[in-house]
Every structure is written in structure tokens, then in C-alpha cells.
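Residue numbers (full-length UniProt numbering), protein chains in the order written: chain Y, 1 to 90; chain P, 1 to 163.
Keep in mind the hints are simulated off the structure, nothing from the lab.
Just so you know, not all the hints are guaranteed correct.
As the list claims (entries may be wrong) - SDA-like mimics (lysine to any residue), calculated; alpha carbons at most 25 Å apart, straight line:
#1 K37/Y - L136/P
#2 K147/P - L29/Y
#3 K147/P - S59/Y
#4 K7/Y - D130/P
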Amino acid sequence: MERQLEKHLEETCRVPGISGALCADNNGLCLAARGCKPELAGHVASIAQQAAQLHPNSSTTPVICIESEGGSVLIKSENDVTMAMFKTPL
Amino acid sequence: MGCCFSDSSDKDGEEPYSSTNERARLLPEPTSSGQSGPSYNTQSQRNAQKLDEPSALEKILHKTVRKIIDVSPGETVEQQEYNDRAHQYGIKINMILSGSSKIRTSRPPLPNGMAAPQIVLSSAPVSLADIQLITLSAEKASQAVGKVRVQHKEDLVVPFGVP
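Pulled out of the complex, with its shape left as it was, chain P reads as follows:
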């Protein structure tokens, strides 16, 4: 199959009452439904006799206990121990970073930035007077550079009196 969730055990011939996959029936199939072949119905009737409701519920419960992951805070960590652990982990990380040159080359040489960007961003922007001052000054400088001319005073190449 092309589905990424399929595996080799998910075949049509498997018993529908097996508890190994999520498609297994929990309650016996009603005998009035004649959709499947006769052999399928007789097998379902035999399994229906074996499984009754309490054992099916018990199976569900066991399956849930097996697969559930408990994320409730089982053990509480004290503040001091938390700080100690954080400090230890920081030391370990620094040791790994300083030791391995391979990791160092993969880190991009970016600046660390500032600690409080909100102070810089909330400060007053550049004043309009400053902008006008530099704009005017740049225009005048451009005009002044355009008026630079070479003053020819004497010849660069002088003929010598060679007989």
C-alpha cells in the first residue's frame, strides 16, 4: 500500500476480534448482517460466544494503560534543585560547545543582539531637522565636487634639447 501508516500485519485475512490493531471490533458482529460470506459469519458467531462485554472492557482498559503516557508532575522539584540542575546543564552545554570544533564551524557568526530592544525601539526617531540638514549638505557637497577642475599650469612632458 502507498499509505505511510500501513504495515505488513494489516491484512484482510486477520481475525476482526484480535486486539492488536485499532480496527478490531470490540462487540460481536450482529448475526443478521449477511454482507460477508458464510464462513466469516460462523467464525464471528464462535468469537461472540467467547468474548462477552466485561472482558472486552477489560481489554480496552489494559490496552489504554499500556499505551497511555502519564505527563502529570509526579515528583515536585524544589527551586534550589531546579537552579542547580539548570546550572549543571549549562556547564555541560558549554563544555560540549567549547570542545567540539565541528559544532563551532556550523554555528553562523551572528551578533548576539541587544538585551533590551524595546528601549531602542521606543526611543525618538531621527529628527526632521537632522534629515534636512544632511540632505542639504549632501546636495551642496555634490555640487562642490562637480565644480572640481584640473588647473593646467605647466606641461607634463617637456622636450629636451637633444642635438
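Next comes chain Y alone, as it looks inside the complex:
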């Protein structure tokens, strides 16, 4: 039943520069993970919820980018599903 979701994550990880992808629900449950630890689902969902509170009246959810020396993490939530992509510098 989760085949389509896993297929989507596999396609995402095939993009050059993307080392991992993670999908979590709004409670922090890991729905699918590729190339990263499933334990990160809780943190990803929490960060997305906290960032959304910066603009509570906005119609779109914000895109969060956490940059570090080892790469960056892009996080966005859509309809109670939070997606995270782990990018490494090429």
C-alpha cells in the first residue's frame, strides 16, 4: 500500500546531489525513509510545525533550509505530510 510513496522517494534520491529523503506525518511518524535515519522524522515534523507558526495566516507552508558544512536539509510540509531532502554539496 505504500508502494507509490517508496517509489517517489527512490526517484527523489536518484536526483544528483540528493543523498537522502524522508517522509513523516504531522505527528512525527516516519512514513518512509531513504538514505537517512527514520528517527529524524520527529525532528523534521517538529521543525516544520514551528516554522509554520511564524506566518500563521499564510496560505502556503514555508520551505525550511538548514545549511551546514556537510550539506543542507530542505523541509516542507504539505497536507499533514512533511517531506525532507538531504542534499550534499556536489
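Dock chain P against chain Y, hints included.
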């Protein structure tokens, strides 16, 4: 009085020529002004005889010397001594901060921040391609999660053949 600068010594009955407050007259009141009562004028005439201009100026000078605070750099501090003093003060502060637990609990546990924020702020922002990539990926993931269905294969509750 309701004013915060008033004190008990600022009364009407005090002599106007006393040098204890800022409202004291320095020069004698002209005798032609008949605004006040007659007793007030005679007292002012007596004080006018006592105080002349040089002594009034001297009083002003003494008052200024008494109240002025000299902030000019009297003693110069050498660079090495300055550094030593700064180091000593830093050690004292660290001793107080590490010793007193009461001060430690009042400090909020905030991060120290970065040393050079201008480097981070001047760096390039997130590229539009990345934003579009994550936005598209989040939409597809949301659609994929919406298509998750439970496949019913066998009954969960099975009746046993109990006679």
C-alpha cells in the same frame, strides 16, 4: 509637594541670599521693586550691604569646585597594564559566575550565536531550483500518502467451532 525634587529645606521663609540652593539670588534685589512686603525689603537691603560682587563670584567659584566632577584622564594607563587589568577583571567575573549558583539559575540558557554573522548573512540564499524541487516533492508525497489503502486479506476475528 508632589514634585520629586523638592525637599524639606526648600521653604518660603528661607533667606533668598543663602547659598545652599539653586534659587538663591546672587545679586541683591533692587530696592525700587515694592512687590514684596516691607519687612522683606529691609532684610534684602541689609544683605545687600554685606555681599558685594567679588565675594558673590567667589562663592559661585567655590560652589562649582565643590560640585564639579573631573572626568579628564588624569593618569594614563599603559597598554600592557590595561591588558593585565582586563585579564584580572575577567578572571574575577568568571570566579563569581562559576561560584554562585544563584546567578547561574537567573541566566537564560540561550545559545552564544556565531562569531561572524556577516559571513552567513552575505552568503547566497536558497536557490529557486531547490525550492521548486522540495515543493514538488512534498506535493507528490502528499498525493502518495493519500492513496494508501488498507488491503483486507483475511478476517481478524475468526469463530471457533465450539459445540
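Consistency of the hints with the structure:
no., hint, verdict
1, K37/Y - L136/P, "holds, 22 Å"
2, K147/P - L29/Y, "holds, 17 Å"
3, K147/P - S59/Y, "holds, 24 Å"
4, K7/Y - D130/P, "holds, 20 Å"
Hint check: no violations occur; every hint is consistent with the structure.
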